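Engineer: Going by the working numbering, the first residue of the sequence shown is number 206, and it counts up by one from there.
Treat the hints with caution; some may be incorrect.
What the hints assert, rightly or not - The calculated lysine-lysine pairs, modelled on DSS-like cross-linking and capped at a C-alpha distance of 27 Å, are:
1) Lys-262 x Lys-234
2) Lys-223 x Lys-440
3) Lys-460 x Lys-449
4) Lys-297 x Lys-223
5) Lys-262 x Lys-223
6) Lys-297 x Lys-262
7) Lys-262 x Lys-449
8) Lys-460 x Lys-297
9) Lys-271 x Lys-234
10) Lys-262 x Lys-460
11) Lys-223 x Lys-271
12) Lys-234 x Lys-223
Stated by the list, open to error - Simulated restraints on C-beta separations:
13) Glu-241 x Pro-339: 28 to 38 Å
14) Gln-439 x Ser-265: 27 to 37 Å
15) Asn-467 x Glu-345: 17 to 27 Å
16) Thr-270 x Thr-375: 43 to 53 Å
17) Leu-400 x Gly-280: 29 to 39 Å
18) Ser-367 x Arg-261: 20 to 30 Å
19) Pro-341 x Thr-270: 52 to 62 Å
20) Tyr-365 x Asp-453: 25 to 35 Å
21) Asp-470 x Thr-270: 50 to 60 Å
22) Glu-385 x Pro-245: 31 to 41 Å
23) Gln-439 x Gln-283: 28 to 38 Å
24) His-443 x Asp-470: 30 to 40 Å
These are computed hints drawn from the structure, not numbers from a lab.
Note that the structure is a prediction, hence the values are computed from the model and not measured.
Cβ coordinates follow ideal geometry from the N, Cα and C atoms, glycine included.
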Amino acid sequence: MTADERGAKKVEPDPDLKNFGDTLAAFRKRAGLTQEQFHPLVGYSVQYVAAVEQGRKHPSPNFVTKSNEILDAFGVLQIAARQMDRRRGLAKWFRRWAELEADAIALYTYECRSVPGLLQTEAYARAQIESVPPVPTAQETEDRIARRLERQTVLHRTPYTSFSFIIEQTVIERQTGGPEVTRELLDHLLECAHLPNVDVQVIPTVSPEHAGTGGPFCLLETEEHQWVGYSEGQKSGHVIFDPKAVSDLHQRYAKLRIQALNPADSVGLLMRMRGSL
206 MTADERGAKK VEPDPDLKNF GDTLAAFRKR AGLTQEQFHP LVGYSVQYVA
256 AVEQGRKHPS PNFVTKSNEI LDAFGVLQIA ARQMDRRRGL AKWFRRWAEL
306 EADAIALYTY ECRSVPGLLQ TEAYARAQIE SVPPVPTAQE TEDRIARRLE
356 RQTVLHRTPY TSFSFIIEQT VIERQTGGPE VTRELLDHLL ECAHLPNVDV
406 QVIPTVSPEH AGTGGPFCLL ETEEHQWVGY SEGQKSGHVI FDPKAVSDLH
456 QRYAKLRIQA LNPADSVGLL MRMRGSL
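Make a model of the complete structure from these sequences and hints.
Structural biologist: Structure (structure tokens):
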């Protein structure tokens, strides 16, 4: 009886790794080489080549470069590797939203669990990632942090994207990572709040009327002026295109903007929180 027949969970290869592996295999076969013939040319074991082609192993930069040269792949393998690396470190369910986020002209975010990724410091991101089981490997942690910080370049690009962030006060008061990490985070939030295209609003801990009890969500406007929503839970995320559902989220966000402190008062609260640490 096989493991699958006994009910063991089959581990599916990462689709991005599998796409790269399929591309590599196609160029290898085009060159008329078997894996046994190819591996001594590229300088890696046949097991390594097989694992890459099956989507079970991330190829090293050296492997990609040498494979591209040996297989005369016109740079296709290097392009495929760059595309794969840009998605590495992002949860599978978040990747579609990250693609939309990269080209958005407006982005609204309400968070009640943690500081939004676009506003996190490296130390805060590390503390958050390492706090959630199962504990990631050192490489996985670095990949996630690198992608999170890379996403933040959208805050500073021109023409400006318009950003609105609504954050619960309790998220900051939790002091994820400790007081020093929180001090650095507050300094960073204050810096971001002064960007010309960014509004940061804080919902006070005591807030009898609250439109966000359904959980965190995001809204963005595409270059085609289409509004799209996003909601996320444990190990899952959902991009929302349905106009009625997106309209509902807009109504909730509009209400949250009224219930939160205005941007100027929010900055004042953040400064007082910083001073108390």
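Engineer: All the hints need checking, so say for each whether the structure fits it.
Structural biologist: Verification of the hints:
1. Lys-262 x Lys-234: 20 Å, holds
2. Lys-223 x Lys-440: 21 Å, holds
3. Lys-460 x Lys-449: 17 Å, holds
4. Lys-297 x Lys-223: Satisfied, since the Cα-Cα distance of roughly 14 Å is no more than 27 Å.
5. Lys-262 x Lys-223: 9 Å, holds
6. Lys-297 x Lys-262: 17 Å, holds
7. Lys-262 x Lys-449: Violated - the C-alpha atoms of Lys-449 and Lys-262 are around 42 Å apart, more than 27 Å.
8. Lys-460 x Lys-297: Distance of about 31 Å is beyond 27 Å: violated.
9. Lys-271 x Lys-234: 16 Å, holds
10. Lys-262 x Lys-460: 47 Å, violated
11. Lys-223 x Lys-271: Measuring from Cα to Cα gives roughly 19 Å; hence the hint holds.
12. Lys-234 x Lys-223: Given pair Lys-234, Lys-223 holds - Cα atoms ~16 Å apart, limit 27 Å.
13. Glu-241 x Pro-339: 28 to 38 Å: Holds - the Cβ-Cβ distance for Glu-241 and Pro-339, about 37 Å, lies within 28 to 38 Å.
14. Gln-439 x Ser-265: 27 to 37 Å: 33 Å, holds
15. Asn-467 x Glu-345: 17 to 27 Å: 39 Å, violated
16. Thr-270 x Thr-375: 43 to 53 Å: 49 Å, holds
17. Leu-400 x Gly-280: 29 to 39 Å: Given a distance of about 37 Å, which is inside 29 to 39 Å, the answer is holds.
18. Ser-367 x Arg-261: 20 to 30 Å: Between Ser-367 and Arg-261, where Cβ atoms are some 42 Å apart, the hint is violated.
19. Pro-341 x Thr-270: 52 to 62 Å: With a Cβ separation near 28 Å, Pro-341 and Thr-270 fall outside 52 to 62 Å, so the hint is violated.
20. Tyr-365 x Asp-453: 25 to 35 Å: For Asp-453 against Tyr-365, whose Cβ atoms are near 28 Å apart, the range 25 to 35 Å holds.
21. Asp-470 x Thr-270: 50 to 60 Å: Holds: the Cβ-Cβ distance is about 54 Å, inside 50 to 60 Å.
22. Glu-385 x Pro-245: 31 to 41 Å: 52 Å, violated
23. Gln-439 x Gln-283: 28 to 38 Å: 36 Å, holds
24. His-443 x Asp-470: 30 to 40 Å: Between His-443 and Asp-470, where Cβ atoms are some 33 Å apart, the hint holds.
Checked against the numbered hints above, the structure violates hints 7, 8, 10, 15, 18, 19, 22; every other hint is satisfied.
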